[in-house]
Amino acid sequence: MIHPPNLSPDYRSTVLRAPSRPPIAFKTDPDTIELTSPVFGHAEVGALEADLTRQHAGEPIGERIVVTGRVLDETGHPIRNTLVEVWQANAAGRYAHELDQHPAPLDPNFTGAGRCLTDGEGRYRFVTIKPGAYPWRNHHNAWRPAHIHFSVFGTAFTQRLVTQMYFPGDPLFPFDPIMQSVRDPAARERLVAAFDMDTTEPEWALGYRFDVVLGRTPMEDE
Amino acid sequence: MITPSQTVGPFFAHGLPYAKDWEMVPEGHPDAITITGRVSDGAGEPVPDALLELWTGETGTRGVLTRAGEGVSGFGRCATASDGTYRFRTARPAGPYVSLLVFARGVLRAVLTRIYLEDVPDPLLDGLEPERRATLLAQRDGDAYRFDVRLQGEGETVFLDY
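In order, the protein sequence lines correspond to chains Z and S. Residue 1 is where the first sequence starts when you use UniProt numbering, and the numbers rise one by one after that. Residue 1 is where the second sequence starts when you use UniProt numbering, and the numbers rise one by one after that.
You may find that some hints are simply not true.
[What the hints assert, rightly or not] Here are the simulated EDC-like cross-link-like pairs (lysine to aspartate or glutamate), alpha carbons at most 16 Å apart as the crow flies:
hint	chain 1	residue 1	chain 2	residue 2
1	Z	Lys130	Z	Asp73
2	Z	Lys130	Z	Glu201
3	Z	Lys130	Z	Asp196
4	Z	Lys130	Z	Asp184
5	S	Lys20	S	Glu70
6	Z	Lys27	S	Glu70
7	Z	Lys27	S	Asp161
8	Z	Lys130	Z	Glu59
9	Z	Lys130	Z	Glu63
10	S	Lys20	Z	Glu44
11	Z	Lys27	S	Asp126
Keep in mind that the hints were calculated from the coordinates and are not lab data.
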């Protein structure tokens with residue numbers, strides 16, 4: 001099992017929210033709507049929405065980074081023109097969200113949300129600020145490793161994926177029940193971006209590469 | 001190997017909702033129906049930080065993200081309110097059901113279900129015990145449908161393997 005079991009009690013919020021009964025398999029036919037997914041128009045997403053450092057009057061505080069990668073299906077084929085959405089905390093580990101009570105500063109020049117469509121090779125690219133780690137109340141002295149939330153569509157509604165991208169070498173990994181909810185170490189490793197010198201831009205920004213591989217559609221299984 | 005899922009977390013509100021995300025058809029559209037309901041947990045408490053996505057199978061012409069046209073969009077998104085409720089205004093679909101994904105803090109991989117607007121012979125419905133089948137049937141009142149999502153426990157919604 002690649003995905004984390006929904007009941008992962010070390011992550012306390014799962015205890016009352018994980019379904020208690022196993023999911024039901026469903027048969028597909030050509031009219032099965034889960035085999036399709038919305039098609040996005042290029043006019044719907046502005047080019048600047050992929051640059052999280054240029055959404056306000058000034059530049060945000062923090063370490064500027066480029067995050068890029070490809071959205072692929074399980075056979076390695078690129079998924080083109082699909083929507084990739086990201087959201088994250090600022091460099092101090094604070095979200096621009098009214099319920100985030102972490103006593104770290106908000107940054108008036110950073111909202112921390114962006115989106116883009118993949119290109120003809122399935123590639124996406126965001127410019128942003130490296131997010132900070134932040135505390136949460138799951139257990140005593142609980143801290144989330146720095147991460148960027150990703151939302152990806154694909155070509156079938158059953159490929160829909162929301163996940164989190166982590167940064168290589170973070171010492172918080174073994175203590176984080178959300179990351180550790182993925183039981184298979186090799187699968188967990190796929191949540192960690194790779195530092196990439198080819199993506200790094202001289203005198204400007206460090207680069208990270210993070211590919212997202214979506215599952216097969218039910219139709220392909222038949 | 002595929003990329004594993006992770007929870008949407010509690011702080012998606014500045015990233016995922018967008019203007020008119022739940023309004024898949026404009027107000028007054030001749031085919032408009034509403035689907036509303038409440039998401040609750042295993043203790044019966046409302047889930048105030050869930051994100052629901054509705055998909056009817058057709059992209060349509062209204063725009064998925066911009067909602068510019070007067071036509072229909074087949075995709076909608078709605079974050080639950082503090083009382084766990086959600087709402088969609090959509091067009092009556094061609095088939096008996098629409099697809100629903102539910103993301104939330106504490107849900108490590110989104111749960112997938114179907115909202116059946118009509119109780120018809122159906123390969124999925126017909127394979128379920130009556131009390132489980134009932135969890136997939138929306139309650140109709142004219143053009144208004146009610147569909148509650150119970151993540152766990154009594155009356156637990158049937159979720160689909162994907």
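If any of the earlier hints don't hold here, list their numbers in rising order. 1, 4, 6
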